[in-house]
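As you go down the protein sequences, you meet chains A and B in turn. Going by the working numbering, the first residue of the first sequence is number 348, and it counts up by one from there. Going by the working numbering, the first residue of the second sequence is number 22, and it counts up by one from there.
Hints were generated in silico from the structure; no laboratory data involved. None of these values were measured; they are calculated from a predicted model. Worth double-checking, as some hints may not be accurate.
What the hints assert, rightly or not - List of simulated lysine-lysine pairs, DSS-like, C-alpha gap at most 30 Å:
id, chain 1, residue 1, chain 2, residue 2
1, A, K417, B, K35
2, B, K99, B, K35
3, A, K416, A, K373
4, B, K78, A, K373
As the list claims (entries may be wrong) - Covered stretches of chain B (chain A as the covering partner; in silico rule of three or more C-beta atoms under 8 Å from a C-beta of chain A):
id, stretch
5, 62-72
6, 76-82
7, 126-138
Claimed, not checked - Computed spacing ranges between beta-carbons, pair by pair:
id, chain 1, residue 1, chain 2, residue 2, range
8, B, Q38, A, E352, 22 to 28 Å
9, B, E126, A, A429, 20 to 26 Å
10, A, A357, B, Y31, 37 to 43 Å
11, A, A425, B, V33, 40 to 46 Å
12, B, L117, A, T411, 24 to 30 Å
13, A, T414, B, E106, 42 to 48 Å
Glycine is no exception: its CB is placed at the ideal position from the N, C-alpha and C atoms.
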Amino acid sequence: SQQGEEDPQALSIQEGENATMNCSYKTSINNLQWYRQNSGRGLVHLILIRSNEREKHSGRLRVTLDTSKKSSSLLITASRAADTASYFCATGGSRLTFGEGTQLTVNP
Amino acid sequence: GAGVSQSPRYKVAKRGQDVALRCDPISGHVSLFWYQQALGQGPEFLTYFQNEAQLDKSGLPSDRFFAERPEGSVSTLKIQRTQQEDSAVYLCASSLVQIPLSSYEQYFGPGTRLTVT
Chain A
348 SQQGEEDPQA
358 LSIQEGENAT
368 MNCSYKTSIN
378 NLQWYRQNSG
388 RGLVHLILIR
398 SNEREKHSGR
408 LRVTLDTSKK
418 SSSLLITASR
428 AADTASYFCA
438 TGGSRLTFGE
448 GTQLTVNP
Chain B
22 GAGVSQSPRY
32 KVAKRGQDVA
42 LRCDPISGHV
52 SLFWYQQALG
62 QGPEFLTYFQ
72 NEAQLDKSGL
82 PSDRFFAERP
92 EGSVSTLKIQ
102 RTQQEDSAVY
112 LCASSLVQIP
122 LSSYEQYFGP
132 GTRLTVT
């Protein structure tokens, strides 16, 4: 069963625009991770944010975490066509529980 | 360096056949995970090894699914008497550290796409 839900399920934007994806989860967590999946490179870890952090940056990625609302968001700034992929949030320790993902399409 | 590799990349099996899927984790990685990903869904946990010990197999959907990692390195996921609902991508991941309650980055392989006809 899926731990959380991502929204939107699909997002289509133009190159250069920002993309925001949201994730909600159900149980208390120690941390939350975001992964990207495309057909070329499989599932790749993007960023991990711990439960005592509210915001984290990595390059063009910005992740926020609101444990009171059990939600997280992933912002990709200045998007590129190469960012086209599915994005998943995941929670858990030894067993990651993934959401259903957001399919992002960045049009050149 | 080499990442996680899986073989075969694609497998077509007739219903009732047994299949074996192989995972070669990153050298030295202690933890190894198997996930099942149905089309359009996120991966779902199947089982977890720490070295050769299978610490969690609660995600295996039935007793037709069996995983092993006898020498603490390569792992094999075996599915007996395959059924159509077993069609999915099977992902293997490895992690450097032992994982108690905290979570560390998992490195995923490209997956094996299993189609049961």
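Practice problem: Go through the numbered hints given earlier and state which of them the structure violates, listing their numbers in rising order. | Solution: 1, 8, 10 and 13
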